[in-house]
Every structure is written in structure tokens, then in C-alpha cells.
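Participant: Spelled out from the first residue to the last, the chains are:
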Amino acid sequence: MFRDALLVAGKDLRIEVRSKVVLNQIGPFSLVVLLLFAFALDPDRGFLQEATPGLFWIAVLLSALVVVQRSYALESVDAGRDALRLSGLDPAGVFLGKAGASFVVLMALEVGLIIGVRLMYGASLRGWPLLLVTTLTATVGLVAAGTIYGALAAGLRVRETLLPLLFLPVVAPVMIGGTRAFGAALDGSSAEGWRWCGLLGTFAVAYVALGMLLFESLLEDS
Amino acid sequence: MDSVITLRGAVSVLGRFPALAGVDLDVDRSEVLLVSGPNGAGKSTLLRLCAGLANLAQGEATILGFPLPRRRREVRRRVGYLGHANGLYPELTVAENVRFWSRSVGAPTGDVAAALDRVEVASRLHDLAVAHLSAGQRRRAALACLVVRRPEIWLLDEPHTGLDAAARDLLDALVREAVAGGATALVASHEHERSSSLATREVQLVGGVVTWSRKPNSDERPNEHPDERPNTHPVDTGQADGAPIAVGGGAPHVP
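Keeping their order, the protein sequence lines are chains F and G. The first sequence begins at 1 in the working numbering and counts up by one. The second sequence begins at 1 in the working numbering and counts up by one.
Bear in mind the hints are in silico, worked out from the structure with no lab data behind them. The C-beta atom is built at its ideal place from N, Cα and C for all residues, glycine as well. Please note that a few of the clues may not be correct.
Computed footprint of chain F on chain G; a stretch qualifies when at least three of its residues, placed anywhere within it, have a C-beta under 8 Å from a C-beta of chain F [to be verified]:
hint, segment
1, 85-91
2, 198-211
Taking CB as the label site, the calculated pair distances span [unchecked claim]:
hint, chain 1, residue 1, chain 2, residue 2, range
3, F, 192, G, 17, 35 to 45 Å
4, F, 28, G, 132, 56 to 66 Å
5, F, 170, G, 176, 52 to 62 Å
Let the hints inform the model, and build the full structure from the sequences given.
Facilitator: Okay, structure coming up:
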């Protein structure tokens with residue numbers, strides 16, 4: 001299973017490196033989202049700083065949506081989805097591989113976004129261990145849920161519009177938990193932050209387990 | 001005879017349309033079965049069913065002893081399917097695409113170059129992204145992906161489409177070599193003359209059911225001697241890592 005996961009993740013990441021879609025399109029998109037918030041709220045820089053955790057996670061959520069859509073777009077060319085099924089790879093391995101590649105891409109985007117909120121919003125970043133654990137656990141949850149719902153929507157003609165509808169409500173707990181933990185880290189109130197981190201960890205574990213169990217039927221029946 | 005494909009009343013539904021409406025079919029090891037029929041007869045669906053890709057709404061399907069759909073993963077690891085699309089990732093190079101398929105069945109790394117050589121993909125193209133290849137070159141790359149897996153059953157849907165004369169001859173040679181090595185092939189084709197020279201038996205599908213079965217180019221009336229089939233035997237052609245690749249099913253990579 002892990003061998004299959006590495007094979008799929010390696011393939012997806014290699015394609016991303018070659019196509020430069022993340023670098024040239026998704027990365028700038030994420031930063032534009034931050035920039036638009038800055039334009040909308042700029043008159044009050046204090047409010048921008050206050051709202052940094054929420055704005056950061058909204059930008060992450062929108063970026064995650066694009067990353068998941070991109071992950072399945074790779075399989076929509078030249079009957080790639082059939083090829084993936086024909087490969088005979090372990091479906092749980094395929095799930096972990098696709099989610100793993102999306103995790104790497106989203107983490108890279110989050111690094112850019114963290115730099116973005118520091119420069120554009122003037123956010124002072126403190127509590128690094130909590131920030132790091134929050135982003136790691138929240139990202140695992142986001143990509144796991146995204147990979148499940150991406151597979152569900154991928155076989156349908158209305159996938160582009162259906163995926164946001166399925167994905168965004170489901171990951172609301174990640175946005176709430178991420179925002180609270182992030183805010184707690186910036187405020188220096190770590191104890192409350194770690195509690196929210198626990199919620200994020202539970203969400204991540206649940207969705208990874210769900211994906212490993214359900215991915216075969218999602219790949220076959222959707 | 002050693003039947004590798006057994007279908008009994010197989011029904012496969014696309015949406016609400018029965019693309020296969022109760023197919024009974026037995027295919028023996030080392031047969032090359034030409035599946036003919038008009039457009040929409042169910043040829044592609046039959047091949048996809050045998051690959052574990054199309055749904056089995058009713059009836060029974062056993063491929064290489066594995067019942068579908070329950071054991072479809074085992075089936076998929078043992079069959080090679082070349083459909084209308086090539087199943088290649090355009091951003092990856094030819095060699096990377098073949099390597100992906102090779103690793104999916106745990107084939108030795110040396111097999112990648114051997115497979116590319118076998119389908120005569122020029123070495124200057126190995127490291128070129130598939131997106132930059134012509135349609136014929138992509139088809140050859142897809143064939144290399146098939147060859148590297150050493151499938152026990154070759155499922156070829158209009159395999160000659162988009163190939164030049166040399167590549168068509170190469171494809172036919174690959175199929176003959178695979179069959180000599182113990183593999184079985186199902187070829188769905190509208191190019192009757194070309195494919196019937198390759199086939200040992202022909203079945204016609206119309207409206208999702210097999211209407212007749214006979215030896216190709218024979219004068220016998222269809223269905224007159226349905227059980228009279230060529231008697232071929234598998235040959236073990238085990239290959240060493242990096243050696244010229246055998247395309248037969250004699251030494252599959254899967255355990």
C-alpha cells in the first residue's frame with residue numbers, strides 16, 4: 001500500500017513540477033486572495049491583523065479547493081482515471097498517494113501565504129510550534145477530505161461546480177479549528193490553541209481512515 | 001482447453017442502456033479472438049468488462065479464474081487494455097510513463113528500456129514529454145506500457161487506429177509473440193481484413209449479444225462448429241532483468 005502511495009504521489013508531484021501549474025497559477029491565485037482581503041480591509045490595518053487567522057484559513061481553503069481539482073484534472077486527460085483503475089494499484093495506496101501529493105503542494109502554498117500575511121497584513125508570527133502543528137494537522141484533514149470528495153465529483157460532468165458545494169461545508173470544522181488555534185498562537189495563549197489542535201487532529205485521522213476505507217468504491221462507482 | 005475468459009449471460013449497463021445484453025463467451029488460453037460488429041454493438045464494453053472496468057449488472061464473468069467484480073483488482077493486474085485513449089500522462093516523458101506502469105506491477109527497472117526497444121520507440125524520444133509526440137508515437141508509447149506489464153490477456157480496442165504500416169506490422173508481431181508465450185488476445189476492430197489475419201477465432205456482436213462464432217476467413221457457416229478452435233499451447237519464456245522483453249503472458253510480474 002505505501003509503495004503504491006509513493007508511486008502515485010511521485011507521479012503527481014513530477015507532473016506538477018513539469019507543468020508549473022502550482023507555481024504559475026495556484027500560487028499567484030492564493031496570494032491574490034490575500035491581496036483582495038487587504039484591499040477590502042486596508043483602511044483599518046489593525047483589523048487586518050486581528051482578522052489574520054481567519055483570512056489566512058479562508059485563503060488556504062480556497063487554495064485547497066483548487067489543489068484538489070487540479071489533482072483530479074491530472075487523471076481526466078487521456079483516460080487517466082481508467083488507467084489508474086487498470087494499474088491494479090491498492091485503492092488505499094492511491095488515496096494516500098493523491099492526498100500526499102496534495103499535502104506537499106498545499107504546504108508549499110501555506111508557506112507562501114504565511115509570508116504573505118506577514119508582509120501584507122503586518123501580522124507578527126509567534127508561537128511557532130503551535131503554528132506548525134496547526135498547519136500540519138489542518139492540512140492533512142483538508143487534503144484527506146478533498147481527495148475523498150474530489151473522487152466523488154471526478155466522474156461527474158458537473159464536477160467543477162459540485163466539488164466546492166461538497167467540500168467547503170465539510171471542512172468548516174478545519175477552518176474554525178485552524179482559525180482558533182492560529183489566533184491562539186499569535187496571541188501567545190498556547191493552551192487553548194492546543195485544544196483546537198486536538199480537534200484538527202481528530203478530523204484529520206477520521207478523514208484519512210475514511211478515505212482509505214472508501215476510496216475503492218469512490219473510484220469505481222462515481 | 002484452458003478457458004481464461006468465461007462469460008455467462010453477462011449484462012453490462014451504460015446509464016440505463018444495456019451495452020451487453022446477455023453475452024455467453026468462452027475464450028481459451030492462447031486464442032486470438034477477433035470481436036467484430038457494427039458501431040454500438042458492445043465490442044468496447046465487452047473488452048472493458050474483461051478488464052474489470054465496465055460494470056457487470058447481471059450474469060457471471062470469470063477472468064483468469066477470478067470472478068468479477070469481486071476480484072477485479074487481481075484481474076486488472078493480469079490484463080493489458082489498450083482502448084481508444086492511450087492512458088498516458090502528457091507531462092511525463094515516455095520513459096516515465098512506461099516506468100509508472102512497470103512499477104505498478106513490480107516489474108524490474110530494466111524492463112522499461114527493453115519494452116521501449118521492443119516497440120521500436122527511438123531512444124531520442126524516451127526522455128521527451130508525451131505531449132510533444134505525434135499520435136502514432138503516443139500509440140507506440142502506450143503499447144510499451146502494455147508490453148512492460150507482460151499481461152496474460154491483451155484487450156485491444158481498435159489497436160491499429162493511428163498507426164503507420166510499420167507500426168501495424170509491429171503490433172501484429174507483438175500479439176503473435178504474446179500468444180506464442182501463452183497469452184490470450186481479444187481484438188475489437190472494424191479493420192476486418194487486417195485483424196482476421198491475426199485471429200484464430202471471430203465472434204460477432206450485434207445489439208450486445210454474440211450472434212455467431214467461427215474461424216476467421218473460413219467458409220464454414222457461422223456457429224456450425226462452435227467448438228472447433230485452434231489448439232495452441234503456452235510456452236514458458238521467462239526473462240531476465242534487462243533482457244529483450246517477452247510480450248507473452250508466460251512470466252507475468254504479479255505473484
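Participant: Now look at each hint and say whether the structure bears it out.
Facilitator: Status of each hint after checking the structure:
1. 85-91: It holds, with 7 qualifying residues against the three required.
2. 198-211: violated (count 0)
3. 192(F) / 17(G): 35 to 45 Å: About 58 Å separates the Cβ atoms of residue 192(F) and residue 17(G), which means 35 to 45 Å is violated.
4. 28(F) / 132(G): 56 to 66 Å: 26 Å, violated
5. 170(F) / 176(G): 52 to 62 Å: 53 Å, holds
Violated hints for the displayed structure, listed by number in ascending order: 2, 3 and 4.
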